[in-house]
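**Student:** Here are the chains, one letter per residue:
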Amino acid sequence: MAETFQNLLLGFSVALQPSILVYAFVGCLIGTLVGMMPGLGPLAGISLLLPATFGLNPIIAIVLLSGVYYGAMYGGSTTSILMRIPGEAASVMTCVDGYAMTQNGRAGPALAIAAIGSFIAGTFGVIGLMLLAPTLAEFALRFGPPEYTALLLMGLFILAYMSGGSMLKTLAMAAFGLMLGMIGIDVMSGYTRFSHGLVELGDGVGIVPVAVGLFGVSEILLTAGAPTAPDVQRPKLRDLIPSREEFRLSAGPIARGSLLGFLIGIIPGSAHIISSFVSYGIERRLSKHPERFGQGAIEGVAGPESANNAAASGAFVPMMALGIPTSPVTAVMIAAIMVHGILPGPLLIQQQPELFWGFVASMYVGNVVLLILNLPMVGLFVNLLRIPYSYLYPCILCFCIVGTYSVSNSLMDVWILLAMGAIGYVLRKFGYDLAPVALGLVLAPMLELSLRQSLAMSAGDYAIFVTRPIAAVMFALGAALFVFSLKPLFGKGGDWRASVGLDSEQG
Amino acid sequence: MLRVWMALLLGSGVLAAPAVQAQDKYPSRPITIIVPFPPGGIADITARSLAPGLERVLKQPVVMQNRPGAAGTTGAQVAATAPADGYTLLCHLVSISTLPEVDKLFGRPTVFTRDQFVGIARINADPPIMVVHPSVPAKNLKEFAALAKKRANDMIFSSSGPYGASHVPFAMFLQAAGLQMRHLPTTGGAPAMTAVLGGHAITWASPPALAAPHLQAGKVKAFVTWGGNRLTQFPDVPTFREQGYDIEYYLWAGLFTQRNVPAGVLKTLGDAVRRAVADPDVKNAFAKVRTPIAYQDSAEFKAWWDKDAERLAKVVQRMGKPEIK
Chain A
125 MAETFQNLLL
135 GFSVALQPSI
145 LVYAFVGCLI
155 GTLVGMMPGL
165 GPLAGISLLL
175 PATFGLNPII
185 AIVLLSGVYY
195 GAMYGGSTTS
205 ILMRIPGEAA
215 SVMTCVDGYA
225 MTQNGRAGPA
235 LAIAAIGSFI
245 AGTFGVIGLM
255 LLAPTLAEFA
265 LRFGPPEYTA
275 LLLMGLFILA
285 YMSGGSMLKT
295 LAMAAFGLML
305 GMIGIDVMSG
315 YTRFSHGLVE
325 LGDGVGIVPV
335 AVGLFGVSEI
345 LLTAGAPTAP
355 DVQRPKLRDL
365 IPSREEFRLS
375 AGPIARGSLL
385 GFLIGIIPGS
395 AHIISSFVSY
405 GIERRLSKHP
415 ERFGQGAIEG
425 VAGPESANNA
435 AASGAFVPMM
445 ALGIPTSPVT
455 AVMIAAIMVH
465 GILPGPLLIQ
475 QQPELFWGFV
485 ASMYVGNVVL
495 LILNLPMVGL
505 FVNLLRIPYS
515 YLYPCILCFC
525 IVGTYSVSNS
535 LMDVWILLAM
545 GAIGYVLRKF
555 GYDLAPVALG
565 LVLAPMLELS
575 LRQSLAMSAG
585 DYAIFVTRPI
595 AAVMFALGAA
605 LFVFSLKPLF
615 GKGGDWRASV
625 GLDSEQG
Chain B
3 MLRVWMALLL
13 GSGVLAAPAV
23 QAQDKYPSRP
33 ITIIVPFPPG
43 GIADITARSL
53 APGLERVLKQ
63 PVVMQNRPGA
73 AGTTGAQVAA
83 TAPADGYTLL
93 CHLVSISTLP
103 EVDKLFGRPT
113 VFTRDQFVGI
123 ARINADPPIM
133 VVHPSVPAKN
143 LKEFAALAKK
153 RANDMIFSSS
163 GPYGASHVPF
173 AMFLQAAGLQ
183 MRHLPTTGGA
193 PAMTAVLGGH
203 AITWASPPAL
213 AAPHLQAGKV
223 KAFVTWGGNR
233 LTQFPDVPTF
243 REQGYDIEYY
253 LWAGLFTQRN
263 VPAGVLKTLG
273 DAVRRAVADP
283 DVKNAFAKVR
293 TPIAYQDSAE
303 FKAWWDKDAE
313 RLAKVVQRMG
323 KPEIK
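In the order they appear, the protein sequences are chains A and B.
Everything in the first sequence is counted per the numbering used here, starting at 125 for the first residue and increasing by one.
Everything in the second sequence is counted per the numbering used here, starting at 3 for the first residue and increasing by one.
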């Protein structure tokens, strides 16, 4: 413990150097701005900035990039809350209740709680990284394909809890998402599926254009189709600060979201994406008033936002302790330190203590920077809503298209965005929930890959899922959840789900 | 953000540039290197390390453009259909030879072919290393092969993806040794390494730079390398040839352009790359990423590439495609 403390002092002596502080600040600022660009999320942000870091020293490079990373995580929630445009997969759940809060005139509190939740979760994540990195990383390695399959199946069961309105409609949407996720080259065999000869579809349908299209573009279309333009909001200062009641309601979701997000984040693979979905499902389940979800429940913002930020810190555990990137974002960060001649690996913490502890300290600093950067900006952001829709929406649509295109310079992504906007519009007119589509699309490729990887390992023997202890426990939990969620199908009169919709009724 | 705008500006600039400019002395405007993989990968790092050196020689900006997609196919297609004026280059890996072969194997229309390109230079060529989980009861390749023979189709190897840059060399070994092992494909080099570190697979053909820190920490052991000579970094790891296998494989990166680029422009580009790889800053950049320069000029590269591609095509054909039941 004393040693950790000493190391942390070393870290702070690095991180508090004025030049590094400036870069942490710049990183957070760029990240927030990038995150606010519709379609541009953390991955796009740090990929675009990566070449700029090659001329800097490795500590500055990683401080800058991690600032961009969590800045973008936060920035994405801003557009989700204000305009229903998710910057990336993790913000999809924030769109649902965050945007509903905006429509109720509570945009300020939603943004504030998202900032505070992210700060607490981020700080919790750093503490976890600092104290537990080596231990947890070894444990995370035991998550092979079978364990991963079990985890993702649990994610799928969560769908039942996310659903509002009719179970049939929810499952139909989930199936639609899963089907979209099947497009592209089959990673196990190399066969191309459902791509109709389009090379660009070989990598499948990206979550970002789909999410931005389904949620953002469809919202713009719906507004345009409304008989009268919605009133422009004029938020008062009083409305910017969360009420005592809102703080009280958010405490639990933030705490649970932080822990859950961190644990999911350390697992190799891209499971961190599902942390916000899982958090939302749990909060809805635990809530005494689940019918408020979808109508602007603050818990539906606090939980997922905390979970995705904690997961972002969690992803650094295997990266720092073992030198293994477990997500595309950490892969880019590893490249950023590799070009400086540092090979990330199991010995990194011993060989480069300034780098590791400087990084840890800079994350504490970065989280504080982000909070002081963003809390005062809440007022500014909320005032964006004063712009009349006839000016605001065309601009947003432009930004959506430019942002989506710039991620991989692909026109195909723009077409997907527009098609999804149209599909989202029609589906919402018919009262379907869109969140299950996003979850289905995220889960399908991961679940299919890990299931088939497991079977490749066992030569087709399904026993692999019960002979491995971690997988067996998780499957048992998942099965229990599943049975639990089936109950209302057989019970009389259904439950609360029968009477509420996840999205507020449109059109 | 800035880069997005810059890319847009440059993009519109390129569109607006009249075709007559091609008549001017080459190069008279910025040159684009297309990288068909995401930032941070070996192709990206190779191009980025080389670009400043090229800029100094050619006195023109050299702009990178990542066009990832379909394991490197999308970017190659973009470069293949670009105007043959020498302003669009392509930095591709060994998979430029295997991708069209895989398309052929699956009966798909080929998106691009090797003969749409001409090689300007080979930049680097690193042989992979076979890394093995420490729990495997074998001390060297011979014992490993014997064990794999005894436990036929029971041991698991991993790769960065089917028919990818680390699956092909492993298939070469299995074909040469007449072995059967289970294949656990993943979605990249890092996940494949993770699978071996976690013991979910026992071995894979790893790029040396990726394997080095884990070897150093004793998390994996190295049995053999696919190179013709031992790696300077790992003098104790023997080559397949020393072990009596007639196989050789390199994870190489080269710079290409469209086949119809005029000879004069090609010569300018070739000279520029030759001078760039001799640039101390460029050398230093490659040393830092532990990827030594293995330069070949256009003529050497052509002969070598043809031979390499022919060998790989045979391996891919022999690998066959999985049956669908």
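Just so you know, these hints were derived from the structure itself, not from any lab.
Some hints here could point you the wrong way.
Claimed, not checked - Pair by pair, the computed Cβ-Cβ distance ranges are:
1) P593(A) <-> A301(B): 54 to 64 Å
2) G230(B) <-> M501(A): 53 to 63 Å
3) P54(B) <-> P593(A): 47 to 57 Å
Note that the Cβ used here is the ideal one computed from N, Cα and C, for glycine as well.
**Student:** Work down the list of hints and note, for each, if the structure agrees.
**Tutor:** Verification of the hints:
| no. | hint | in the structure |
| --- | --- | --- |
| 1 | P593(A) <-> A301(B): 54 to 64 Å | holds (59 Å) |
| 2 | G230(B) <-> M501(A): 53 to 63 Å | holds (59 Å) |
| 3 | P54(B) <-> P593(A): 47 to 57 Å | holds (52 Å) |
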